[in-house]
Amino acid sequence: MAKSEAISWFRIQEMFRFQAFHMYGIIGTAVVLGVAGVSLIKKFKIRDYHGNPIVFHPKDKSITRYLLGGSVFGLGWALSGACPGPMVVNIGYGYFSMAIVFFFALVGTYLYGLIRHKLPH
Amino acid sequence: MTDIIIQTWSWWFSGAMIAAIMFFLLFFGQSFGFSSNLRTICAASGLGKQVKFFDFNWRSQIWNLVFLIGAILGGLIARQYLSTDSPIQISQETIRDLGILGFAAPESLQPKELFSWEALSSVKGFLVLALGGLMVGFGSRYAGGCTSGHAISGLSDLQIPSLLAVVGFFVGGLVMTFLIFPLIF
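Chains as they are written, first to last, in this note's numbering: chain A, 1 to 121; chain B, 1 to 185.
There's no promise every hint is true.
As the list claims (entries may be wrong) - Here's a subset of chain A near chain B, in silico, CB distances under 7 angstroms, partners left out:
1) GLY37
2) LYS59
3) GLY74
4) SER80
5) TYR112
Source of the hints: derived by calculation from the structure; they are not laboratory data. Using N, Cα and C, we set each Cβ at its ideal position, and we do this for glycine too.
Excised from the complex, chain A in its bound form (with noise of 0.2 angstroms):
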């Protein structure tokens, strides 16, 4: 991720202004191969090294909290340039403000976890 700029402020604004294919690239060359592999997996029924079939659990039936949780979750990554993966890429690589960032996020997810019964899902 830090070695592809992957966990740039100034790469997330690039993308989501369109002016660079690089981030698309990265998101889409993993998802190409994701479902290539996904589908290898589930024609040929492999297992995993546990031996059990590995198994893909479909997300819950939903339109509501996707659009607007994943809405919300948009307004925070363009502000803070950083999913919660990259936020920790950040600390690790000497960006200490994002451990605020960070911090936040778990509070955020707390905040959510206090308030899910009166939010439309």
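We have chain A; now place chain B onto it with these hints.
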């Protein structure tokens, strides 16, 4: 050979590595989704006593916390041993657009206007980081996943909910970039 590792990695190599990580986790009976760690940490902090959402067997998720530690170490290694410290090469249009908002052209990976100690110690700088984190944490759990869980794992399994979540990511991202940034920067 080391040159290839030290210079910036191409998008296709990085993308392939991300897919490889997902398959590695699937092969070991897990799944690729990073933001679950936030819930796990809340649970491990004992918040399950107050809020039911955090009352689950978080110890079953320790593997993912190990992944988190690995991600921190990965950042450290990238910095210490693999970095060139050259400014990142983003598009000229982005540099120009961000310049209008008051951001200098990149000198390193992150803008000093947001991530330096000076920025952090100002009220506005602190609020930007805090609100950004808050929305990422809240939104990822509300949507049931983040970039790794939805955009990579979910789309790889051709799941409609994940596609909706990714649409949401972009709705939020575009609103922030084009409507809110001009108001706050």
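Of all the hints numbered above, which does this structure not satisfy? Sort the numbers upward.
none
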